[in-house]
Amino acid sequence: MSTQPFRLAAGGLIDRGRALDFSFDGTSYRGYAGDTLASALLANGVRLVGRSFKYHRPRGILSAGPEEPNALVELRSGARREPNTRATVVELFAGLDAASQNRWPSLAFDLLSINGLVSPALVAGFYYKTFMWPASFWEKLYEPLIRRAAGLGRAAGTEDPDHYEKAFAFCDLLVIGGGPAGLAAALAAGRSGARVILCDEDFRLGGRLLADKREIGGKPATEWLAATLAELESLPEVRIMPRTTVFGLYDHGIYGAVERVADHLPQPPAHLPRQRSWRIHARRAILAAGALERPIVFAGNDRPGVMLAGAVRAYVNRHGVLPGRETVLFTAGDDGWTTARDIAAVGGKVAAIIDSRSADPARKALADKLGARLFAGGAVLGARGGRQLGGVTIRDASGAVSELSCDLLAVSNGWNPTLHLTSHQNGKPAWDEDLQCFVPGTVPAGLAVAGSAAGRFTLAQALEDGARLGSEAAAEVGVAAKPAEAVPVTDPETNGLSPVWRVTGGKGKAFVDYQNDVTDKDVELAAREGFRPVEHLKRYTTLGMATDQGKTSNLAGLAIMAEQTGRTIPQTGTTTFRPPYTPVAIGALAGHHRGKDFRPVRLAPTHDWSKEQGAVFVEAGQWLRAQYYPRPGESDWLTTVNREVKAVRAGVGICDVSTLGKIDIQGADAAEFLERVYINGWKALPVGKARYGLMLREDGFVMDDGTTSRLGDSHFLMTTTTANAGKVMQHLEFCHQVLWPELDIRMVSVSEQWAQVAIAGPKARETLRGVVDPEHDLSNEGFPYLAARPVTVGGGIPARLFRISFSGELAYELAVPADYGDAMMRALMQAGAPFGITPYGTEALGVMRIEKGHVAGNELNGQTTARDLGLGRMMSAKKDFVGRLMAGRQALVEQDRPSFVGFKPVDPGQRLRAGAHFIGIGKAAVMENDEGYMTSVAYSPHLSHWMGLGLIKGGAARIGERVRAYDPVRNGDVVVEICSPVFVDPEGARLHG
Amino acid sequence: MAETARSWAARGAWAGIAQAGQLGATGPAGVTATLLDGFGLATLIAAPGGAAALSQAIVARLGIALPAMPKIASSASHDVIWSGPDQWLLRATTREGFGSLLEALSAQAAVSDQSDARAALRLSGPRVRDVLAKGVMLDLHPAAFAVGDTGLTSIAHIGVHLWRLADGPDGSVFEIMVARSMVGSFWSWFAASAAEFGCRVSTGRG
Amino acid sequence: MRYSIFSLLSQTLQGHKGWTPAWRDPAPKPEYDVIIIGGGGHGLATAHYLASRHGITNVAVLEKGYLGSGNVGRNTTIIRSNYLLPGNTPFYELSMKLWEGLEQDLNYNAMVSQRGVLNLYHSDAQRDAFARRGNAMRLAGVDSELLDTEQVRTMLPYLDFDNARFPIQGGLLQRRGGSARHDAVAWGFARAADSRGVDMIQNCEVTGITMSGGRAIGVETSRGPIRAKKIAMAVAGNSSRVAEMAGMRLPIETHVLQAFVSEGLKPLIDCVVTFGAGHFYISQSDKGGLVFGGDIDGYNSYAQRGNLPVIEDVMESAMALWPGLGRVRMLRHWGGVMDMSMDGSPIIDTTPVDGLYLNAGWCYGGFKATPASGFCFAHLIATGQPHPVATAYRLDRFATGRVIDEKGAGAQPNLH
Amino acid sequence: MRITCPHCGARDAQEFSYLGAADLQRPEGMAASEAAMATYVYQRDNPAGVHRELWYHAAGCHAWLVVTRDTRSHEITAVEVAKVRKAGATA
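Protein chains in written order, with the numbering used here: chain A, 1 to 993; chain B, 1 to 206; chain C, 1 to 416; chain D, 1 to 91.
In short, the hints are calculated from the structure, not lab data. In this text the structure is predicted, and so the values were computed from the model without any measurement. The reader is advised that the hints may include incorrect statements.
Unchecked claim - The list that follows gives simulated cross-link-like pairs (lysine-lysine, DSS-like), each with its CA atoms no further than 25 Å apart:
(1) A:LYS129 to C:LYS229
(2) C:LYS17 to A:LYS521
(3) C:LYS97 to A:LYS129
Use the sequences and the hints to build the structure in full.
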């Protein structure tokens with residue numbers, strides 16, 4: 001265990017009483033509670049943390065926040081491995097295990113760093129210009145090599161063992177960022193009673209107050225921070241959410257946020273998710289996300305040890321780590337000097353200060369006081385060193401070049417407002433010439449921007465903005481706002497800045513985008529080749545496209561392009577940002593919905609009974625339906641299905657049909673309504689009878705079919721297919737509410753109320769007789785085909801009985817209230833036992849409907865017309881109905897449209913498959929000879945061969961003709977004979993039995 | 001609907017899905033869930049222009065008026081719950097006499113029995129809103145969703161109908177109704193969401 | 001200048017100082033033979049093929065923003081020709097063949113990568129529907145293979161086979177499908193067209209279509225009026241807006257489609273996979289980012305951005321397909337606006353307005369069509385006749401009923 | 001997006017399903033022409049700007065709504081109940 005050589009003896013917001021052991025690349029280290037992985041690595045003197053994307057250059061830690069482009073690691077291991085994790089935002093925990101990435105075999109010795117040697121050729125867009133010859137080499141050789149080299153970390157790939165949640169929140173005011181501006185805003189609004197949510201991505205609230213030594217009201221700012229947090233926590237309508245990143249702004253005041261519930265723990269405790277994604281509905285929001293510091297482009301600016309000055313300050317003041325023995329400061333403004341002052345305050349050595357601005361006596365005096373050499377008007381030309389910064393080459397105001405040795409170079413070039421969320425709704429930031437940065441331009445309705453995020457960089461401005469905007473937001477949402485109290489900032493603030501976008505004249509690569517290895521030369525090349533619009537620049541060079549989304553690079557890239565093309569920065573373009581603000585785990589946004597919980601499953605009231613019977617279930621849209629009921633000794637599903645079919649045709653079987661959509665349609669105009677939505681007639685249907693109905697979409701193609709029964713003069717019960725139940729309901733509501741609101745129609749789905757079972761087979765009536773109460777006449781005369789009437793069962797339980805048949809057998813459907821579904825199945829099994837009653841599933845159901853030539857989902861595929869399906873004659877010519885006119889269009893009535901017939905193999909031993917296409921015998925298997933396709937097939941135990949339904953040009957006129965059923969994707973090519981689609985009992989004798 | 005003794009055993013929507021006991025975290029339960037069963041439920045839809053007459057009929061029979069807004073109105077034995085324009089759910093705590101009530105009302109409304117169509121759950125406890133926030137896309141803050149408010153919405157891709165009843169001994173009380181066929185998936189969401197706070201599950205009559 | 005390994009090495013020795021602009025930046029001339037409205041993939045491809053195949057070079061491409069700023073720069077880069085209907089399959093297969101020779105044709109590496117496109121199926125009915133499509137592809141001379149569960153497992157062992165709500169039963173694979181580098185496609189066509197004299201005019205927004213006697217004779221633009229003998233629209237996403245300038249309504253709605261990319265990762269997935277039980281597809285780019293997407297948001301929008309419900313739906317499907325993606329982070333998401341036609345298929349046709357040609361209705365499938373769209377549109381503009389593989393893409397097909405509805409969803413764009 | 005259902009209040013757009021342009025008039029009756037019906041079924045204004053469109057509150061009260069929304073900004077300026085609108089019009 002190392003001794004944390006760079007840890008200061010005292011100070012910092014860390015808990016030195018809680019040491020945390022962790023490992024990086026297999027070496028063990030120790031840090032403290034309150035550390036980030038980055039601060040703990042720096043405390044231990046670890047400088048080299050990663051390798052860059054393209055050139056595999058050694059990289060260290062640049063920042064102390066979410067903008068980090070360099071220090072990306074693989075965190076955790078095994079199934080919990082998280083690639084590309086920014087060490088600067090990882091909260092240290094005991095046992096943390098991290099590894100460097102994008103290097104082989106090791107971080108210190110990375111073979112792909114030879115890319116650096118050929119790097120002169122690997123300029124922006126080089127791959128567009130080469131790898132074209134010979135053509136076959138691209139995919140065989142070049143691309144695999146590129147792919148292997150590209151990418152950063154390694155994803156686990158295997159199932160994520162943690163779980164995730166979603167949550168929804170509502171508030172008057174969402175405050176994004178818990179720094180001084182955000183805290184002041186939350187306090188102002190919270191005190192007035194508004195419902196406030198305050199989110200901060202950090203695990204500790206305070207923002208820059210944690211990193212800077214400031215005074216508020218004559219006392220250390222940390223005291224104000226503590227008091228403010230305590231008050232906020234006491235307010236019942238204020239919710240403070242640390243470790244929560246607001247990542248995106250969506251329409252109408254909806255914000256996406258992700259809460260890292262357990263990422264600071266080795267693994268989530270029982271009953272807690274790893275992360276939770278929030279959809280926050282905010283009437284108002286204040287963006288107080290602060291600002292991100294800007295690096296300077298100069299040769300070697302990526303050496304480990306080159307660090308943002310504000311980050312150095314954060315490590316010193318917040319984490320008690322001084323990440324260098326000998327510091328050089330390169331600054332373009334006053335802010336950098338604060339870093340020098342803070343280093344000196346903890347006893348660190350500031351060897352030199354290079355201030356790009358011209359000489360100034362006050363600065364000279366301050367440098368003297370700090371014991372630092374001052375190079376006013378100077379610049380850092382280059383940084384040297386490999387895995388660790390060794391020194392810098394500087395140019396003074398006179399142009400003289402000299403060398404300084406140092407192990408830490410703090411760079412200060414001003415800050416960019418963290419305005420990302422303001423551009424998520426297509427808002428464009430505006431250039432502020434005075435501040436030399438982009439500030440929020442068009443800001444979405446309901447959002448205000450406070451403090452540094454608005455380009456108001458001083459602490460006084462942050463506190464003032466927060467208090468004012470917090471009060472205003474409270475007033476806007478109608479809460480009696482209390483006037484915000486003025487909180488004086490009592491230490492002096494200066495904000496002078498004259499930014500330096502790049503320093504030319506150094507040796508070696510000068511990086512604009514660290515993570516994607518985009519250099520200033522790449523930007524120049526883009527300019528030379530005409531990729532001058534900012535989007536071309538980004539896309540051609542990949543500037544800003546890495547995991548940091550260009551947080552530290554976009555502006556410098558724009559500035560260099562501006563310089564190259566003789567334009568100003570705003571003329572060159574703006575920096576806009578797409579959501580998310582920082583990358584978001586896919587699992588968090590999926591929440592609970594994965595595996596079996598991906599989508600809800602619907603179970604019939606008879607499900608448990610079917611399970612008890614040994615059913616195999618199949619996904620049928622949202623439902624799980626019994627597919628077949630295997631019995632011991634049955635070798636395959638076909639054996640089982642054959643048995644079930646035979647049992648039905650020989651005796652009786654039962655099959656759950658509860659899943660069909662059932663819509664109660666009442667009202668004086670119910671019959672008229674059905675006339676308009678179905679192609680066939682309904683007004684003449686007597687009460688107590690059912691009828692098959694077919695409905696079209698308005699474009700003339702078939703939408704759905706089903707049996708609808710008239711329960712009363714103005715009361716119908718419509719059934720829909722299982723798959724289309726929801727769609728049909730919506731369609732009917734459209735027809736009623738939008739097209740014909742004048743009709744008295746009252747509709748509601750009753751699908752869930754009824755358990756419904758088909759009882760089919762010659763013994764169906766006898767079976768039913770044992771279940772339906774005796775006073776109901778079930779004789780053929782008393783309850784004829786298509787009768788549909790209420791009955792009672794089980795001694796007075798209200799039920800509905802329909803004499804309808806999908807199987808072609810004597811058959812009924814019996815519906816009982818769902819609570820009795822289970823009992824119904826048991827009662828039927830008992831009543832049918834003497835006849836060998838057999839439960840059957842959707843497979844046997846399918847076999848029997850194919851044997852009878854009934855159309856189902858495979859035929860009702862949205863591409864077929866009523867005529868195609870042989871149902872054209874159902875279309876009434878006497879009334880208007882949905883789809884009537886469009887069904888009459890030229891192309892829908894052409895004679896050679898494929899239409900519905902049956903098919904049987906000429907060699908009865910051959911198997912048919914749905915999806916095969918029909919080709920004339922002796923014709924070439926080409927598209928021009930395609931005559932149609934097989935829609936459904938099944939093995940008929942009745943016929944002892946396979947049979948098929950399908951659509952073929954010429955249809956019924958070709959019965960008796962032979963064609964090929966061509967199925968090359970399954971190596972099938974079977975000669976079939978076109979036949980009637982009704983394979984069993986074409987006269988319908990069994991139906992009426 | 002059942003009014004006389006039957007030879008068939010009824011099996012409620014929760015059967016095989018959930019049972020009494022403790023879910024998730026141990027210790028004092030943050031949420032209390034009661035699985036409701038045995039209630040009568042029906043959809044009533046008024047004829048065009050007939051809502052007032054229907055409401056009068058309900059007042060006459062049950063002493064409660066049909067809410068014109070998304071609200072629930074309750075008597076000791078019945079609730080009427082807004083479920084769409086000119087549409088309500090009528091709930092009775094017991095199915096005794098429910099069939100004849102529906103028959104009587106069918107002159108004023110399109111009546112569809114839904115007694116077996118829904119599973120219902122009553123929720124209370126100090127963390128009840130935190131659990132619901134994991135699925136409900138409505139603002140359930142006491143000021144935004146008052147006692148007697150109801151909403152049709154969805155949870156975890158499952159359509160639900162929920163409302164807030166008068167506060168009980170452990171604070172706010174909500175009831176949720178969900179389609180019977182989806183109650184298994186609903187319970188999977190609920191159990192996962194309530195586990196953080198611990199949930200005591202019991203059974204009761206609606 | 002010709003691009004090759006030799007030019008690259010030679011420029012490397014000169015510090016890359018000798019590269020010249022990929023295209024000129026000309027001012028618009030007062031008149032052209034052909035004006036193409038829209039400097040996206042299809043417009044640029046049309047320009048290239050007009051110049052290279054038909055010798056028509058007095059052409060201007062008018063782009064309101066920067067070249068490639070439309071959907072060619074916003075899509076998920078997938079190329080495939082796995083279509084069902086005879087109106088579509090040969091067209092997309094022509095496109096695939098053009099992709100296969102694109103780099104040599106353009107002297108630009110668009111990084112066409114035939115890694116395979118695999119559509120997963122999750123039920124018997126879906127299998128049979130895929131078989132129908134796979135067989136139709138074979139009949140049209142397109143490669144297709146129907147895989148079973150075990151074959152899919154061998155290819156993609158980390159998918160959720162064992163705990164899935166909708167278990168994977170197999171897939172339809174087109175090995176020749178894959179992806180291409182989207183921006184490079186636009187740039188390659190632009191550079192090739194420019195080299196033959198086509199004027200690519202950026203920041204030039206068309207604000208009106210000048211009519212004379214029922215004929216379109218020119219356009220008004222933000223850079224002044226320009227006359228032309230023929231005016232060709234290739235502005236998918238905005239087709240209705242431009243058509244309105246000529247007094248036309250189209251069978252099109254504009255919808256937003258979102259797309260996503262993850263952080264860069266080491267190679268993880270070697271083909272394009274589509275989930276058959278939800279709206280989701282995924283592949284991995286040469287740079288290592290997982291590129292994925294799902295369904296359209298489902299409402300008319302020109303806003304080029306979408307909302308959380310679809311984002312969450314995509315992530316749920318991602319996790320349902322591949323639970324190992326849980327800790328992979330989504331880096332960026334964005335939206336593009338598309339012409340959603342009433343049958344889900346495109347339009348390449350003349351219009352009731354003489355001299356005005358229409359290329360529109362690409363739904364979310366425009367990228368893969370880019371070469372063939374340009375090829376066939378150029379053919380139509382140059383010859384006045386539809387190209388043989390694009391004869392079905394008529395504007396009057398909605399009136400005649402000759403719709404090309406791959407999904408059978410009917411006249412509702414947000415269901416296609 | 002949030003849509004304020006006149007019945008149910010402000011809800012996530014996720015609760016609704018979308019159909020498209022709201023002001024198309026279906027040619028009714030036996031006298032309607034095929035051409036007029038084809039126009040109704042297929043042709044759209046598709047404006048970039050204010051759009052009146054139909055949304056169905058599928059997860060809520062099952063009402064069809066006419067929402068006035070700007071297709072460039074997604075801003076919603078009005079929501080009406082379709083049934084009431086039509087009933088109020090001169091039929």
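Here is what the structure says about each hint:
1. A:LYS129 to C:LYS229: Violated - the C-alpha atoms of LYS229 (chain C) and LYS129 (chain A) are around 35 Å apart, more than 25 Å.
2. C:LYS17 to A:LYS521: holds (10 Å)
3. C:LYS97 to A:LYS129: holds (21 Å)
Violated hint: 1 only; the structure is consistent with all others.
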